[in-house]
Amino acid sequence: MSNPWRWARAASLVFGLLLTSGRCPVFATDTLADVQKRGVLLWGADAEGGAPYVFPDPQKPEQLIGFEYELAQALAVKLGVNARMVQNEWDQLIPGLERGNFDIILNGLELTAENRQRIAMSQPYFVYAQQIVTRSETAGLVRLGDLRGRAVGVLSSTVAQRLLERMGGSDLRIYPGNVESLRDLKAKRIDAVLMDLPIATHYARPDPSLRFSGAPFAPGYYGIGVRKEDVTLLAAINQALLELGQNETLERIYRKYGVWDERQEGLKDYRPETVVQRKPISTLREWPKYLPLLLRGAVVTVELSVLAMVLAVIAGLVIVLMRLYAIAPLRWLARAYVEIIRGTPLLIQLFLIYYGLPEIGIRLNPFLAGIVGLGLNYAASESENYRAGIQSIPRGQTEAAQALGMSRWQTLRHIVLPQALRVVIPPVTNDFIAMFKDSSIVSVITMVELTKVYGMLAMSTYDYIGLGLMTAAIYFALSYPASVFADHLERKLNYDPR
Amino acid sequence: MILVENLVKSYHSTRVLHGVDHAQKSGEAVVLIGPSGCGKSTFLRCLNQLEIADAGRISIGGVTILGGRPPRTTAEKEQQRQLRLRAGMVFQSFNLFPHLTVLDNVATGPRIVKGMTAKDAEARARELLAKVGLENKADAYPGQLSGGQQQRVAIARALAMEPEVMLFDEPTSALDPELREEVLRVMRGLVEEGMTMIVVTHEMQFAREVADRVLFFDAGRIAEQGTPDQVFSNPQQERTREFLRRVPTR
Ligand SMILES: Nc1ncnc2c1ncn2[C@@H]1O[C@H](COP(=O)(O)OP(=O)(O)OP(=O)(O)O)[C@@H](O)[C@H]1O
Ligand SMILES: [Mg+2]
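Protein sequences, first through last, are from chains A and B. Take the first sequence: its position 407, counted from the start at 1, is 407 in my numbering, and no numbers get skipped. Take the second sequence: its position 194, counted from the start at 1, is 194 in my numbering, and no numbers get skipped.
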C-alpha cells in the first residue's frame with residue numbers, strides 16, 4: 001500500500017510540516033462547498049503496489065481500478081461531483097491531508113485511536129483482519145504468538161507492524177511495499193509475512209508456493225479521513241456511506257474484487273470509542289527516552305557508511321587503474337561501469353542487488369546488500385575523483401620518473417598516486433559525508449538506520465520537529481568530524497608552501 | 001659511446017627529425033644549438049626513449065635500440081630501461097617531485113630502480129647534494145627552493161643514477177638571468193670531470209667555453225658542426241650565419 005520512494009520525500013516532508021505545522025487554521029473555509037464549486041473531490045491514495053485497493057489496471061495501465069477506486073467514484077456521485085485520485089505515498093497520507101494536498105484520505109486507513117487523534121474519520125466502510133502468510137511447506141505458524149523468534153515481514157507503519165512491535169520477540173523486517181516482502185518470503189529470507197487480508201487475498205492467494213497460515217485475526221475497520229475542521233464534509237461522507245451500504249453498492253464492489261466476506265456485516269455494529277485527546281509529545285523535553293533510539297539507528301548508519309566507503313575507495317582505485325592503464329577491453333569495461341552506475345538511480349541498483357540477485361542464486365542479507373549497493377555505486381564516483389586527480393599531475397612528473405628508469409607501475413605508485421592523493425581528499429571527503437545521508441536509502445531493503453528510526457518515531461509521536469532537530473544534530477555530529485579530519489589530512493599532506 | 005644512425009621522427013604527419021646521424025666519444029661535451037622548433041628537444045627525448053623514434057638506431061654505452069615501435073616484450077622493455085639508465089636527463093622545467101624532500105628526490109631513483117638500500121641511497125644523495133652545493137637543503141621540499149636550486153637538485157637526481165651520458169634540455173632557459181650562473185657552474189664542473197654530455201642551450205658563451213663540439217640543428221637535420229671556434233667564428237652555412245646574427249654569442 002505504500003511505495004518505495006519515501007526516502008526521497010523525507011526532507012520535503014519535514015519542511016512541509018515546518019511551513020504548515022499541522023493544526024493551524026489555513027483551511028478554515030468549508031471544504032464541502034469548495035468541492036462542490038470545483039466539481040471535483042480530491043482523494044489521496046497510493047496506487048503503487050496498491051492492489052486490490054487502488055492500482056493500475058494490468059490490461060490498461062493508464063486506467064486505475066480497485067475497490068477503493070470504485071468506492072471513491074460512487075462517493076463522488078453521491079456528492080454530485082467527479083472523483084480524482086491524488087497520488088501520495090501511503091505512510092505520509094495524513095501529513096498530505098493536513099497540508100491540503102487533497103480533501104479526503106480513502107486508502108485502507110485504519111480507524112485507530114491514534115489516527116483519530118490527528119484527523120477526523122468517517123464511519124467504517126470495510127472490515128479487515130490480519131493474515132499470516134507463509135511458504136506452502138511451512139507449518140505451525142498459525143497465531144500471532146507463533147511469530148516470536150521468527151523473521152516476519154510487514155508493510156511500513158501498518159497495524160501489522162504495531163501488533164508485532166507491541167508483542168515483541170520477533171525479528172521484524174519492515175518493507176516499503178507488499179510485493180517486496182512476499183518476494184523475500186519466497187527467497188527464504190524471512191519466515192512469514194503479516195498483512196491485511198485484502199492484500200493477502202490479492203497477492204498471496206494466487207501463488208501456489210505461498211499459503212494462508214491460520215485464520216485471520218485482529219479485525220479492524222477502514223475509514224475515510226478528513227481534516228478535523230471539515231465537519232460538513234464529514235457529515236456528507238457519512239451520509240453517502242450509509243446510503244451506499246444500504247443499497248448494497250458496497251457489497252457489489254467488494255464482491256467484484258473478491259474481498260467480500262461475512263465480516264463486512266460487522267460494519268453496522270461499529271461504535272467509535274471516545275478519543276481522549278493526548279497532549280502533544282515533546283520528544284525534545286523527553287530526550288532521554290528518544291535519543292538512545294536514534295543513536296542506535298545512528299550506529300547502523302555509521303557502520304554502513306564506513307564499510308561502504310571503504311569498499312568504494314578500494315573498488316574506485318581498481319576501476320580507475322583499469323580505465324587509465326589496462327588493455328583495451330578492460331578499459332572499455334571500466335568506462336562502461338562508471339557510465340552505467342552514474343546514469344542509473346541508486347534505488348534501482350539497490351533493488352536489483354537485494355531483490356534481483358537472489359534469482360540467480362546470490363542472496364545477500366540487507367546489511368551486506370546495503371554495503372555492496374552503496375559501495376559499488378560510490379566506487380564509480382570515487383574512480384572519477386581519482387581520474388581527475390591523476391590527470392591533474394603534470395606530464396613532466398611522469399617523464400622525469402621514466403627518465404630515471406622507473407617502470408609504469410613504479411611511476412604510478414611512487415610519483416603519481418601520492419601526489420594525486422592530496423588533490424583527491426576534498427572530493428572524497430565530500431562523498432563520504434554525502435554517504436552518511438545517502439545511506440538512509442537502505443530503508444527500502446528493510447534496514448533500520450537513523451532516518452528510518454526518525455520516520456518510525458515521528459509517525460508514532462507526531463513530533464516531526466523535535467525529532468527532526470535531534471536527528472539532524474546527530475547527522476551533523478557524524479559528518480562534521482569527518483570534514484575536520486579531512487582538512488587536517490589535507491594540511492598534513494601539503495608539501496607546497498604556497 | 002653514443003652512436004645515432006638515421007634517426008627519423010614524425011608527429012602525426014609532420015616530420016621533425018629527418019634521419020639524424022651522430023657519433024660521440026666518451027668524455028666529449030657536445031652543445032646543440034638551433035632555431036626554435038628545429039627538433040633539438042625531440043632529438044634528446046628520442047635518446048632516452050621519452051619519444052619512440054619511427055626509424056633508426058640508437059646506441060649508448062653498448063645498449064642498442066631500434067626505432068619503429070614502443071617495446072612490447074619483457075626483453076625489449078628491459079633493453080629500454082637499460083638505455084634510460086645510461087642517459088640522465090635534465091629538463092627545462094626541472095620536474096622535481098614536489099611531494100618528496102630534496103634528499104628523497106635524489107635518493108628515490110637509486111632505491112626504487114636500482115634496489116639500493118635506503119641508507120646507501122641517502123648517503124650517496126647527500127654526497128651529490130654537497131657536490132651541487134645544496135647539502136643544507138636536504139630536508140626542504142622543492143617548493144621551498146629557488147629555480148636555480150631546483151635545477152641543481154635535478155642535476156643531482158640524474159647523477160644519482162650514475163649515467164654514462166647526461167642530456168640537458170635548455171637547463172637555464174626557465175631561470176632568471178641571475179640564477180643561471182649557479183647552474184652553469186655545476187655543469188662546467190661536470191665537463192671538467194670528463195662527463196659525456198649533450199647540452200641544448202642558448203647560452204652561447206657557455207658553449208664557447210666548454211663544448212668540445214657544437215652541432216647546429218636546422219629543420220630536423222644537423223646542418224653544420226665543428227669546434228666552437230669553427231661554428232661561431234667561421235660558419236659555413238648561410239642558415240648558421242643567420243641564426244648566429246640573431247643570437248648574441250658573447
Ligand atoms: N608532442 C608533440 N606533438 C606534436 N608536435 C610536436 C610535439 N612535440 C614537438 N612537436 C613539434 O615538433 C617540432 C620540434 O619540436 P622540438 O620541441 O623538438 O623543438 P626544439 O628545437 O626543442 O624547439 P625549442 O627551441 O623551442 O625548444 C616543433 O615543430 C614542435 O611543434
Ligand atoms: Mg626544446
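Take these hints with a grain of salt, some might be off.
Taking beta-carbon pairs under 8 Å as the criterion, some of the chain B residues facing chain A (in silico) [to be verified]: (1) Asn48; (2) Ile52; (3) Tyr141; (4) Gly143; (5) Ser146; (6) Met161.
Worth flagging that the hints you see were computed from the coordinates, not collected in a lab. Every residue gets a Cβ at the ideal spot worked out from N, C-alpha and C, and that includes glycine.
Results of checking the hints against the structure:
1. Given the 8 Å rule on beta carbons, the hint for Asn48 (chain B) holds: about 6 Å separates it from the nearest Cβ of chain A.
2. A hinted interface residue such as Ile52 (chain B) counts as satisfied when its beta carbon comes closer than 8 Å to some beta carbon of chain A; here the least separation is about 12 Å, so the hint is violated.
3. Taking 8 Å as the C-beta cut-off, the interface hint given for Tyr141 (chain B) holds, the closest approach to chain A being about 5 Å.
4. The beta carbon of Gly143 (chain B) is positioned within 8 Å of a beta carbon in chain A (closest approach about 4 Å), and the interface hint is therefore held.
5. With 8 Å as the threshold, the beta carbon of Ser146 (chain B) stays out of range of chain A, its nearest partner Cβ sitting at about 13 Å, so the hint is violated.
6. Checking Met161 (chain B) against chain A: minimum C-beta separation of about 6 Å stays under 8 Å; hint holds.
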